[in-house]
Every structure is written in structure tokens, then in C-alpha cells.
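Peer 1: Sequence:
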Amino acid sequence: MSYINGKNVLPKELLEEIQKYVEGEIIYIPKKSKKISWGEKSGYRKELNERNSKMVSLFNSGLSINKLSTLYCLSEDSVRKIVFKACK
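Those letters in the sequence shown? Residues 0 to 87, per numbering that gives the first Met the number 0, in order.
Treat the hints with care, since some could be wrong.
[To be verified] Think about it this way: if two alpha-carbon atoms lie no more than 30 Å apart in a straight line, the pair counts; the simulated DSSO-like pairs of lysine-lysine are: (1) LYS45 / LYS84; (2) LYS84 / LYS66; (3) LYS45 / LYS34; (4) LYS19 / LYS6; (5) LYS53 / LYS87.
[Unchecked claim] The calculated label-pair distances, taken between Cβ atoms and stated as ranges, are: (6) LYS87 / PRO29: 35 to 45 Å; (7) GLU22 / LYS53: 53 to 63 Å; (8) GLU46 / GLY5: 38 to 48 Å; (9) LYS11 / SER77: 55 to 65 Å; (10) LYS11 / GLU46: 49 to 59 Å; (11) LYS87 / ARG44: 16 to 26 Å; (12) ASN7 / SER41: 35 to 45 Å; (13) GLU24 / ARG79: 21 to 31 Å; (14) PHE83 / GLU12: 36 to 46 Å; (15) TYR2 / SER52: 18 to 28 Å; (16) SER74 / SER41: 21 to 31 Å; (17) LYS80 / GLN18: 52 to 62 Å; (18) GLU15 / LEU47: 46 to 56 Å.
None of these hints come from the bench; they were simulated from the model.
Note that the structure is predicted; figures quoted are calculated from it, not measured.
Quick reminder that beta carbons are idealized off the backbone N, C-alpha and C, glycines included.
Make the full structure from the sequences, and use the hints.
Peer 2: Structure representation (C-alpha cells):
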């Protein structure tokens, strides 16, 4: 991150308005960007959605909650939530 003098990039009126609140200090102005949801950047959300879809598919094929919890190393309550949320 580099330092830029506000006098060189901001309109005079805006600079004067900012100086009412902060004068002679360094301030950070964050980049304007779309906020991404948890797991989207790393791809982990997609992995979990794929895992959950597979789990629901196996459940619909007749695999029990108990077997799914063992297979995916999750509690039976977690598996139930995943399976029944998909059934809604």
C-alpha cells in the first residue's frame, strides 16, 4: 500500500471537508469492491455444497443417517440438518 497526498488526488472541497474530521493524519480508504460471501474466494463453499448434495443423494438412495455420519465424520445431528434442509 502506497502513500498518496490527498491534496494531489481529491477535489479541494472534499479535502476541506475531510480536514474537518482528520488533519495531518494518515487515513485508509478501502477499495470499493463487491463483498464476497464466506468460502467463495477459497472455493470451500462449493466443496461443501458438493459434499452436501452427494450426502442427500446417498440418503435418498437408502443410506441411513448413522452410516452417513460415519462416512463423512459428522455428528448425526449435522447430517440430519443437511439432509432435511435439502428436502424443504
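Peer 1: For every hint, state whether the structure bears it out.
Peer 2: Consistency of the hints with the structure:
no. : hint                      : in the structure
1   : LYS45 / LYS84             : holds (17 Å)
2   : LYS84 / LYS66             : holds (18 Å)
3   : LYS45 / LYS34             : holds (17 Å)
4   : LYS19 / LYS6              : holds (14 Å)
5   : LYS53 / LYS87             : holds (16 Å)
6   : LYS87 / PRO29: 35 to 45 Å : holds (37 Å)
7   : GLU22 / LYS53: 53 to 63 Å : holds (58 Å)
8   : GLU46 / GLY5: 38 to 48 Å  : holds (43 Å)
9   : LYS11 / SER77: 55 to 65 Å : holds (58 Å)
10  : LYS11 / GLU46: 49 to 59 Å : holds (51 Å)
11  : LYS87 / ARG44: 16 to 26 Å : holds (19 Å)
12  : ASN7 / SER41: 35 to 45 Å  : holds (37 Å)
13  : GLU24 / ARG79: 21 to 31 Å : violated (53 Å)
14  : PHE83 / GLU12: 36 to 46 Å : violated (57 Å)
15  : TYR2 / SER52: 18 to 28 Å  : violated (48 Å)
16  : SER74 / SER41: 21 to 31 Å : holds (24 Å)
17  : LYS80 / GLN18: 52 to 62 Å : holds (53 Å)
18  : GLU15 / LEU47: 46 to 56 Å : holds (50 Å)
Checked against the numbered hints above, the structure breaks hints 13, 14 and 15 and satisfies the rest.
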